[in-house]
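Visitor: If you're matching them up, the sequences are chains A and B in order. Quick note, the first sequence lines up with residues 1 to 110 if you use our numbering. Quick note, the second sequence lines up with residues 1 to 114 if you use our numbering.
No wet-lab data here; the hints were simulated from the structure. Small disclaimer: the values here were computed from a predicted structure and weren't measured. Backbone N, C-alpha and C fix where the C-beta goes; we use that ideal spot for every residue, glycine too. Mixed in with the good hints, there may be bad ones.
[Claimed, not checked] Derived, one-sided and incomplete: chain B residues facing chain A with beta-carbon distance under 8 angstroms:
| id | residue |
| --- | --- |
| 1 | F33 |
| 2 | G42 |
| 3 | Y48 |
[As the list claims (entries may be wrong)] Straight-line C-alpha distance at most 20 angstroms; calculated EDC-like pairs for lysine to aspartate or glutamate:
| id | chain 1 | residue 1 | chain 2 | residue 2 |
| --- | --- | --- | --- | --- |
| 4 | A | K3 | A | D22 |
| 5 | A | K70 | A | D22 |
| 6 | A | K38 | B | E44 |
| 7 | A | K3 | B | E44 |
| 8 | A | K70 | A | D29 |
| 9 | B | K62 | A | E97 |
| 10 | A | K3 | B | D57 |
| 11 | A | K3 | B | D56 |
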Amino acid sequence: AQKVTQAQTEISVVEKEDVTLDCVYETRDTTYYLFWYKQPPSGELVFLIRRNSFDEQNEISGRYSWNFQKSTSSFNFTITASQVVDSAVYFCALSGEVVFGAGTILRVKS
Amino acid sequence: DARVTQTPRHKVTEMGQEVTMRCQPILGHNTVFWYRQTMMQGLELLAYFRNRAPLDDSGMPKDRFSAEMPDATLATLKIQPSEPRDSAVYFCASGSGTDQGGYTFGSGTRLTVV
Chain A
1 AQKVTQAQTE ISVVEKEDVT LDCVYETRDT TYYLFWYKQP PSGELVFLIR
51 RNSFDEQNEI SGRYSWNFQK STSSFNFTIT ASQVVDSAVY FCALSGEVVF
101 GAGTILRVKS
Chain B
1 DARVTQTPRH KVTEMGQEVT MRCQPILGHN TVFWYRQTMM QGLELLAYFR
51 NRAPLDDSGM PKDRFSAEMP DATLATLKIQ PSEPRDSAVY FCASGSGTDQ
101 GGYTFGSGTR LTVV
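Put together the whole structure using the sequences plus the hints.
Guide: What follows is the structure in structure tokens.
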């Protein structure tokens with residue numbers, strides 16, 4: 001069975017702090033994809049990144065970076081210099097039926 | 001930008017009534033998902049289709065829920081009869097099954113059953 005665990009229920013930081021959101025997954029598939037989605041207070045789900053299980057290179061996109069470690073089944077997400085607009089619920093997800101973790105609420109205070 | 005369109009955005013109905021939620025996937029996307037989001041359960045997969053064929057609907061209460069894709073441009077989720085515990089936000093998402101890119105979600109239908 002596939003499972004995604006986001007152990008951090010809620011994180012609060014002050015603006016400009018760096019923050020890392022943890023994601024641990026379980027799957028028996030040898031090929032799979034991992035995703036991160038953002039759900040701002042408006043409620044829509046916004047796709048952030050997809051990662052192929054064969055590609056363990058870390059990825060950086062602006063203030064966002066992702067650390068994929070197959071050895072520990074983790075796919076962590078770091079926001080550098082957080083901003084108030086980053087406040088949202090962040091979900092990690094696993095293919096093929098796209099199983100979602102419970103989400104981490106991030107609150108960034110000014 | 002292409003988007004997934006869900007209607008209605010909000011629905012309030014009385015217990016026992018039939019509810020139909022509609023989703024227009026992005027043109028060319030062959031995979032469609034239905035999810036339900038509640039505070040208690042988070043995001044639950046209800047059903048998903050590939051090339052209009054249902055691949056998995058094990059997450060759906062079969063006695064009252066049904067999901068269909070009458071054509072490639074429309075997916076429907078019906079609840080009959082509705083119950084207060086069905087109150088939730090229902091999301092539709094679509095994607096291309098060939099590259100498993102990020103699935104695009106609709107804005108959701110907020111259902112309240114009173």
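Visitor: Please work out if A:K3 and A:D22 have their alpha carbons no farther apart than 20 angstroms.
Guide: 14 angstroms, holds
Visitor: Quickly compare the C-alpha distance for A:K3 and B:E44 to 20 angstroms and report which way the hint goes.
Guide: At roughly 12 angstroms apart (the allowed maximum being 20 angstroms), B:E44 and A:K3 satisfy the hint.
Visitor: Given the hinted pair A:K3 and B:D56, is their Cα-Cα distance within 20 angstroms?
Guide: 17 angstroms, holds
Visitor: A:K3 and B:D57: Cα distance at most 20 angstroms?
Guide: 18 angstroms, holds
Visitor: Does the structure keep A:K70 and A:D22 at a Cα separation of 20 angstroms or less?
Guide: 14 angstroms, holds
Visitor: Just to be careful, I want the Cα atoms of B:K62 and A:E97 compared with a cutoff of 20 angstroms; is the pair within it?
Guide: Distance ~19 angstroms between B:K62 and A:E97 Cα, so the pair holds.
Visitor: Measure nothing beyond the straight line between the CA atoms of A:K70 and A:D29; if it is 20 angstroms or shorter, mark the hint as holding.
Guide: 12 angstroms, holds
Visitor: Going by Cβ atoms only, is B:G42 closer than 8 angstroms to chain A?
Guide: Result: holds, 5 angstroms to nearest chain A Cβ.
Visitor: Tell me if the interface restraint on B:Y48 is satisfied: Cβ within less than 8 angstroms of some Cβ in chain A.
Guide: 6 angstroms, holds
Visitor: Could you grab the alpha-carbon distance between A:K38 and B:E44 and see if it respects the 20 angstroms cut-off?
Guide: 16 angstroms, holds
Visitor: Is the interface hint satisfied for B:F33? The criterion is a beta-carbon contact with chain A at less than 8 angstroms.
Guide: 6 angstroms, holds
Figure legend: structure checked against the earlier numbered hints; every hint is met.
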